[in-house]
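Protein chains in written order, with this note's numbering: chain H, 23 to 433; chain G, 90 to 212.
Hints listed in this document are in silico derivations from the structure and should not be mistaken for laboratory results. Nothing here was measured: the structure is a model prediction, and the numbers come from that model. Treat the hints with care, since some could be wrong.
To be verified - In silico DMTMM-like links for lysine to aspartate or glutamate, alpha-carbon gap of 25 Å or less:
id	chain 1	residue 1	chain 2	residue 2
1	G	Lys158	G	Asp186
2	H	Lys290	G	Asp186
3	G	Lys158	G	Glu98
4	H	Lys138	H	Asp126
5	G	Lys158	H	Glu282
6	G	Lys158	H	Glu276
7	H	Lys290	H	Asp315
8	G	Lys158	G	Asp113
9	G	Lys158	H	Asp297
10	G	Lys158	H	Glu295
11	H	Lys290	H	Glu276
12	H	Lys138	H	Glu62
13	G	Lys158	G	Asp111
14	G	Lys158	G	Glu196
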Amino acid sequence: MTARIDPAGPIEDQLRAIQSITDAALSRLDDRQLLAELLERTRDALQTDTAAVLLLDFASGQLIATAAAGLEEEVNQGVRIPVGRGFAGRIAAGHQPVILDHVDHTTVLNPILLAKGIQSMMGVPMVAGGRVIGVLHVGSLTSRRFTGREVELLQLAADRAAAAVQSMALQADRQAAAALQRSLMPTALPAVPGAELAARYIPGSGGVGGDWYDVFTLPTGELCVVIGDVAGSGLPAAVIMGRMRSALRAYALETRDPAEVLSRLDRKMQHFEADAMATVLYAVIGPGLDRMDICLAGHFPPVIAYPGRPAELASVPVGLIIGVADPAPRPVTTLPIPPGALLCFYTDGLIERRGELIDDGLARLCRALTPQPADDACATVMQALVGGGPARDDIALLMVRRQPGHLGNGG
Amino acid sequence: MPDAGFSVEVIRGVPVVATPEDVDITNAAGLRVALLQSAALGPGTLVVDMTRTLFCDTAGLHALVGAHKRAQAQGGRLLLVLPGATVLRIFSITGLDGVIPNFPSLEEALAAGAAGPGPTGPG
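Kindly produce the complete structure, drawing on both the sequences and the hints.
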């Protein structure tokens with residue numbers, strides 16, 4: 023059904039070969055089927071005996087045989103080729119097509135190719151997002167010279183394959199990230215007499231990001247509030263978020279001082295996750311619920327609605343974002359929480375809009391926030407700031423309200 | 090290849106990366122590539138001109154912080170041009186304005202770059 027691309031042949035045949043690979047009908051297949059079908063069509067169009075995809079495992083720096091037509095043993099035996107070595111390794115390292123008119127043990131590392139009697143080979147890099155993610159190669163049992171035009175056709179197939187592979191990886195990544203995110207969000211907020219708690223987490227349209235919140239009590243009865251945003255998205259950000267969440271909980275048990283908790287967290291992150299960066303807000307609310315000690319690491323201050331006056335952005339000096347440099351001492355601010363006050367903690371996704379000053383978003387949040395029950399306040403704020411459209415960035419929102427009649431214990 | 094939105098040019102011997110209107114999760118990888126390419130032009134000063142930028146999210150900051158750390162490790166430095174209040178506000182909220190030197194104009198950043206490594210800029 024497909025024609026071999028022959029530079030001397032009729033142009034119709036060449037076009038048909040290209041169409042077989044760029045065929046829109048392929049898009050209706052799921053990614054795994056698409057890859058298999060694409061390899062079959064590539065093999066037919068180029069009239070080769072084998073076609074195979076090796077994907078780069080970034081952790082090990084090796085290419086792993088992942089899909090094949092006519093060379094299935096490569097996949098079944100889990101062939102691995104280090105980048106830079108052998109035929110496929112040279113393609114990946116050089117970001118360039120490689121043609122082998124003559125295959126032997128000096129040009130090829132993979133014993134299966136030699137054992138199978140492949141005579142000539144051609145391979146191209148699979149590129150996505152500016153970097154090589156794998157190699158697509160074809161092989162012939164008879165000796166032949168691949169042409170520049172055939173390399174172009176193979177590159178067309180490789181581009182298509184790269185897109186399918188990216189899509190597969192993204193989907194797996196998204197599912198894992200969403201599962202991890204769900205497992206890390208508090209299943210139930212703690213019940214604290216005199217306080218009302220409510221929260222929302224909305225993944226962005228691009229999938230799960232690195233936003234998180236956490237609420238827990240200390241053995242002293244104090245209530246701890248955490249909200250943060252790990253730079254990045256998907257599984258890597260969710261994994262780092264999980265590590266930060268448990269490290270912060272551990273430090274919170276060790277020391278009462280919010281600045282010290284964040285400094286320890288920063289030191290831990292810079293040592294063990296050198297590339298990670300995150301904004302974090304950490305606050306400890308006294309057992310009487312009447313005041314809060316708060317420390318910010320590059321995070322927005324809370325918005326507070328005091329009864330009888332418009333909500334305002336809390337005046338809290340900001341310390342350096344986590345993961346950047348040895349910080350100067352982190353400032354801690356103590357804020358009073360009168361009965362009926364509502365504290366609103368949030369991530370940037372709630373207030374940031376393109377082409378708008380952040381202060382406009384903050385002002386919108388202040389207007390929307392009135393002292394009302396915590397869960398109602400979540401609903402009101404989401405309605406006012408997010409409305410009907412899907413949010414681009416993920417959003418975490420946490421409300422803590424000291425009940426109006428709560429007298430506290432002065433502690 | 091760099092993202093179409095990020096241009097790299099060498100002005101008076103200093104690599105300058107100019108960022109587009111939005112710098113966010115969708116193009117932060119392009120910024121990272123442009124920054125790596127510029128840094129590869131040689132150790133020393135690297136300028137990121139954010140004059141056109143109106144929006145920069147955590148992913149954008151992350152790419153800039155990565156370049157800042159790499160430059161520092163190699164004895165060089167990253168200088169930012171941040172004339173706009175919108176983006177400057179993000180840098181002050183995250184505390185990064187005190188870490189990465191920033192200037193209100195490209196001219197001032199280049200002058201500071203020419204002065205060689207030393208005390209950081211006014212930002």
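Hints and how they fare:
no.: 1; hint: Lys158(G) with Asp186(G); verdict: 14 Å, holds
no.: 2; hint: Lys290(H) with Asp186(G); verdict: 23 Å, holds
no.: 3; hint: Lys158(G) with Glu98(G); verdict: 21 Å, holds
no.: 4; hint: Lys138(H) with Asp126(H); verdict: 11 Å, holds
no.: 5; hint: Lys158(G) with Glu282(H); verdict: 24 Å, holds
no.: 6; hint: Lys158(G) with Glu276(H); verdict: 31 Å, violated
no.: 7; hint: Lys290(H) with Asp315(H); verdict: 22 Å, holds
no.: 8; hint: Lys158(G) with Asp113(G); verdict: 20 Å, holds
no.: 9; hint: Lys158(G) with Asp297(H); verdict: 10 Å, holds
no.: 10; hint: Lys158(G) with Glu295(H); verdict: 14 Å, holds
no.: 11; hint: Lys290(H) with Glu276(H); verdict: 14 Å, holds
no.: 12; hint: Lys138(H) with Glu62(H); verdict: 18 Å, holds
no.: 13; hint: Lys158(G) with Asp111(G); verdict: 23 Å, holds
no.: 14; hint: Lys158(G) with Glu196(G); verdict: 23 Å, holds
Going down the numbered hints, you'll see the structure goes against just number 6.
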